[in-house]
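Visitor: Knowing the structure of chain A, use the given hints to seat chain B on it.
If you want the building blocks of each chain, they are given just below.
Protein chains: 2
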Amino acid sequence: MEESWATLGVDLHLDTVGVASRTGARAGDATHTGVRKGLTDALREAVRGGRLAPGTRLPSSRSLAADLGIARNTVADAYGDLVAEGWLTARQGSGTRVTDRAVSRPADPAPRHRAAGGPTYNLQPGTPDLASFPRAAWLKAARRAMAAAPNDALGYGDPRGRVELRTALADYLARARGVHTDPDRIVVCAGFAQGLSLLGGVLRGRGLREVAVESYGLDVHWNLLKRAGLRTRPLPFDELGTSTAELSGGPGSGPGSGSGSGSDVASGTPKVALLTPAHQFPMGVPLHPDRRAAAVDWARREGGLILEDDYDGEFRYDRQPVGALQGLDPDRVVYLGTASKSLAPGLRLGWMVLPAPIAAEVVEAKGGAEWACGALDQLTLAEFITSGAYDRHVRGARLRYRRRRDQLVAALATRAPDVRASGIAAGLHAVLELPPGTERSVIQAASWQRLAVQGLASFRHPAATDLPERDALVVGYGTPPDHAWAGALEALCGVLP
Amino acid sequence: MEESWATLGVDLHLDTVGVASRTGARAGDATHTGVRKGLTDALREAVRGGRLAPGTRLPSSRSLAADLGIARNTVADAYGDLVAEGWLTARQGSGTRVTDRAVSRPADPAPRHRAAGGPTYNLQPGTPDLASFPRAAWLKAARRAMAAAPNDALGYGDPRGRVELRTALADYLARARGVHTDPDRIVVCAGFAQGLSLLGGVLRGRGLREVAVESYGLDVHWNLLKRAGLRTRPLPFDELGTSTAELSGGPGSGPGSGSGSGSDVASGTPKVALLTPAHQFPMGVPLHPDRRAAAVDWARREGGLILEDDYDGEFRYDRQPVGALQGLDPDRVVYLGTASKSLAPGLRLGWMVLPAPIAAEVVEAKGGAEWACGALDQLTLAEFITSGAYDRHVRGARLRYRRRRDQLVAALATRAPDVRASGIAAGLHAVLELPPGTERSVIQAASWQRLAVQGLASFRHPAATDLPERDALVVGYGTPPDHAWAGALEALCGVLP
Numbered sequence: 001m002e003e004s005w006a007t008l009g010v011d012l013h014l015d016t017v018g019v020a021s022r023t024g025a026r027a028g029d030a031t032h033t034g035v036r037k038g039l040t041d042a043l044r045e046a047v048r049g050g051r052l053a054p055g056t057r058l059p060s061s062r063s064l065a066a067d068l069g070i071a072r073n074t075v076a077d078a079y080g081d082l083v084a085e086g087w088l089t090a091r092q093g094s095g096t097r098v099t100d101r102a103v104s105r106p107a108d109p110a111p112r113h114r115a116a117g118g119p120t121y122n123l124q125p126g127t128p129d130l131a132s133f134p135r136a137a138w139l140k141a142a143r144r145a146m147a148a149a150p151n152d153a154l155g156y157g158d159p160r161g162r163v164e165l166r167t168a169l170a171d172y173l174a175r176a177r178g179v180h181t182d183p184d185r186i187v188v189c190a191g192f193a194q195g196l197s198l199l200g201g202v203l204r205g206r207g208l209r210e211v212a213v214e215s216y217g218l219d220v221h222w223n224l225l226k227r228a229g230l231r232t233r234p235l236p237f238d239e240l241g242t243s244t245a246e247l248s249g250g251p252g253s254g255p256g257s258g259s260g261s262g263s264d265v266a267s268g269t270p271k272v273a274l275l276t277p278a279h280q281f282p283m284g285v286p287l288h289p290d291r292r293a294a295a296v297d298w299a300r301r302e303g304g305l306i307l308e309d310d311y312d313g314e315f316r317y318d319r320q321p322v323g324a325l326q327g328l329d330p331d332r333v334v335y336l337g338t339a340s341k342s343l344a345p346g347l348r349l350g351w352m353v354l355p356a357p358i359a360a361e362v363v364e365a366k367g368g369a370e371w372a373c374g375a376l377d378q379l380t381l382a383e384f385i386t387s388g389a390y391d392r393h394v395r396g397a398r399l400r401y402r403r404r405r406d407q408l409v410a411a412l413a414t415r416a417p418d419v420r421a422s423g424i425a426a427g428l429h430a431v432l433e434l435p436p437g438t439e440r441s442v443i444q445a446a447s448w449q450r451l452a453v454q455g456l457a458s459f460r461h462p463a464a465t466d467l468p469e470r471d472a473l474v475v476g477y478g479t480p481p482d483h484a485w486a487g488a489l490e491a492l493c494g495v496l497p
Numbered sequence: 001m002e003e004s005w006a007t008l009g010v011d012l013h014l015d016t017v018g019v020a021s022r023t024g025a026r027a028g029d030a031t032h033t034g035v036r037k038g039l040t041d042a043l044r045e046a047v048r049g050g051r052l053a054p055g056t057r058l059p060s061s062r063s064l065a066a067d068l069g070i071a072r073n074t075v076a077d078a079y080g081d082l083v084a085e086g087w088l089t090a091r092q093g094s095g096t097r098v099t100d101r102a103v104s105r106p107a108d109p110a111p112r113h114r115a116a117g118g119p120t121y122n123l124q125p126g127t128p129d130l131a132s133f134p135r136a137a138w139l140k141a142a143r144r145a146m147a148a149a150p151n152d153a154l155g156y157g158d159p160r161g162r163v164e165l166r167t168a169l170a171d172y173l174a175r176a177r178g179v180h181t182d183p184d185r186i187v188v189c190a191g192f193a194q195g196l197s198l199l200g201g202v203l204r205g206r207g208l209r210e211v212a213v214e215s216y217g218l219d220v221h222w223n224l225l226k227r228a229g230l231r232t233r234p235l236p237f238d239e240l241g242t243s244t245a246e247l248s249g250g251p252g253s254g255p256g257s258g259s260g261s262g263s264d265v266a267s268g269t270p271k272v273a274l275l276t277p278a279h280q281f282p283m284g285v286p287l288h289p290d291r292r293a294a295a296v297d298w299a300r301r302e303g304g305l306i307l308e309d310d311y312d313g314e315f316r317y318d319r320q321p322v323g324a325l326q327g328l329d330p331d332r333v334v335y336l337g338t339a340s341k342s343l344a345p346g347l348r349l350g351w352m353v354l355p356a357p358i359a360a361e362v363v364e365a366k367g368g369a370e371w372a373c374g375a376l377d378q379l380t381l382a383e384f385i386t387s388g389a390y391d392r393h394v395r396g397a398r399l400r401y402r403r404r405r406d407q408l409v410a411a412l413a414t415r416a417p418d419v420r421a422s423g424i425a426a427g428l429h430a431v432l433e434l435p436p437g438t439e440r441s442v443i444q445a446a447s448w449q450r451l452a453v454q455g456l457a458s459f460r461h462p463a464a465t466d467l468p469e470r471d472a473l474v475v476g477y478g479t480p481p482d483h484a485w486a487g488a489l490e491a492l493c494g495v496l497p
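Heads up: the sequence lines are chains A and B, in that order. According to my numbering, the first sequence holds residues 1 to 497 in order. According to my numbering, the second sequence holds residues 1 to 497 in order.
Only chain A is shown next, with the shape it has when bound in the complex (with noise of 0.2 Å):
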């Protein structure tokens, strides 16, 4: 036993400098302090380290202070500690002694998630050039905000948002992308996904059971919509893009449900569509205006409801950006916008922009959970664009990505002419037609070249089983930093027929 305890002794003497002068301890009763916690900590891990069995009774608090050479209330303050946490257990009688119950370490190590070898050059579309974000200015927009914050802002907030950030998207949205609001129906969220998800939940709470979705989209979505009980739909897909006039033969409209039952999105169960209005994903063609006017029409005439993942709206090349289709019916449609595009995924930073009967729902939903974003990143992004350093950064963006685009549609006239490009005059990505039954063998050639590609059948909703056989990429030009981009472009067009 003896010698146990002197092992015990060096690592209590070891501990105990090392907590006293991390915790920059001084003298008398902070020593005090920290002898005691390297002591309480030593003893802890000599429990839970097997080397303290169950049950082994302690020194009297005497002995191991003289043992240590400390004070004998240190011991006896280490040993209250560890009775308290229930390591040691102090009986009357018979001293203090190791708890009977055996320790336990955890049972399986987490698994590692290894560092995958991850591909040389990636060309998935859905990130923007993460090399771009402006780190700089950022901080800048961070500094003056935080100068300018109320204390307010650092407690618990409204769970639609700082009202700083709704004021600056209300003003920008408007100007930006024709949306008709003011910030009182806006509620920031962190990114799409958790207002997706939110709004979710709201419609199945009002009966919702199923959504109707374009034919091409992201299973990230439909898997959303599933977790709150959501069944989606495909819509039928052709050349002029999504078709929405099966919107009418949609969801609430089957058996069971009479047609024209008249619910409505203030009171009853809205049928419902979530479309990309300005900018199909991944196909990269807007909504038909006729099919646009269909949607609204369809909204007005059923009760549906309209959301609109507007997640690219800054990027267009060719043309002026397709305003909202919120703009022609703030009743009918929820906007749903983010930064993840625009500045960066990481952010985790979104906004709705809500019909005013939905908007309570949505609201309690979020305030419920209390699943507000970070202030402080919300005071930033609002000081960013209010100081015009957001429409700085999307200018720039722009013109990068252009560059990007001009250079893809080069790239390919000269070295795939077969390869026909499309889905170009917006966005981050493009898609390419590959020659019939080529999709998957591009993409496995692709890999092998530690070329990362997406092909279009992953984007492809299961039950929509009458799109034509498309063999292509959806090739993501806007994800790789600039210094990867010429050997990016160089690698795809090695792998394309």
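Derived by calculation from the structure, the hints in this document are not laboratory data. This list has only true hints and no planted wrong ones.
Derived contacts from chain A toward chain B, CB cut-off under 7 Å, selection only:
1) Val-83
2) Gly-86
3) Met-146
4) Leu-154
5) Leu-328
6) Gly-346
To spell it out: a stretch of chain A is covered by chain B in this simulated footprint if at least three of its residues, at any positions, have a beta carbon under 8 Å from a beta carbon of chain B; those stretches are:
7) 124-134
8) 138-145
9) 155-169
10) 288-296
11) 347-354
Where a beta carbon is used, it is the ideal one built from N, C-alpha and C, also for glycine.
Guide: Below, chain B alone, put in the same frame as chain A:
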């Protein structure tokens, strides 16, 4: 007609100039762009505002261009933009008309949240002194974090949160709270609330119906569990605090589920208890050592899971902090911590330390919804912790709050000697016992003085019917900024019996 077009022209002129200068347009192409956008915006507003009624035929692009003194193709482009957006319709042979659909304006203005005439003094618990948020040190950490961040930190991230923060937390929690973990077991979340919601959803998904909670607590938390589909059952509370012996009579062992069913956290339906072991909220006592032991024994014996809400583990004044219960059995305890008390709720940053079996499901639930926290705040907090700024801030805050606690106790001793303060060894709040039957009248008197305080009644679980009638205030002495503290204390003493 002539006159209305002229009026329109004036508007256009104004808007066009404004837009051109705002966007910093240069000569040539950019001017065309600016004028086109100005015209598009003005026409859209004219349609939206009803000045251009549905069905109105617009002048030919040639004649409007002549009227306005701008290029014809600018007008044609603007018409094209508005056709694409659905405001105008162009038909062969009938020119360009305002779409026949009635224009919709939002129905009801969203309810305005008026800035309520808030209290002069706020002693409600739950919020730290926001005025003492270390703004300069935080910005410094943000600058360093931004400089060090790899580009991929700005992309879609690991749903567990940034590895830099999880690594810093693993080290800090082991050192300061005796938590046994590694970075892979930690999941960063948007405050305690998101953590509890995620856990509630996962546990409900496993078939759990009920969670044991403390008789005194926060209805916000009970409601979060309710939203996840879980009932809450209060545990008895006596002079030693929450009684964990009654856990065995708890969820899963009632009628209809055989006792000793051996359900286990690894696979089956765990029995779950939500506790505040280090500092019962709001009563302010640590969980008694015997009851800590009983809780862990229960969890082992019956396959239970303890959710440990360690909301203010950093703030202890008269002794070492009680280490986390999680250290006793990392496989049976989920540790939940937060920056809301130690820094500010507005950061929306919390963390969970999860046993392996449940970690994967929580990560999946969080990742499936992409509810990540902003990467920049995570990186900043990581830098804040590893640089030692967090420890320094906590030490400073501990001294300030301790001084306030001492001032509160001293003021009570002289000004309200019949009021006993308890739960004062730790945290940011104290419980002031009142004479029977006076709680409501004291709160009422306080509100007349514009002093916000909260009574104990609001922290009582509705099903905790066997609690003794206790009249008390829960006073958040940490809440006011320094300049308001003396006044708040004075106002409090003025309303106490």
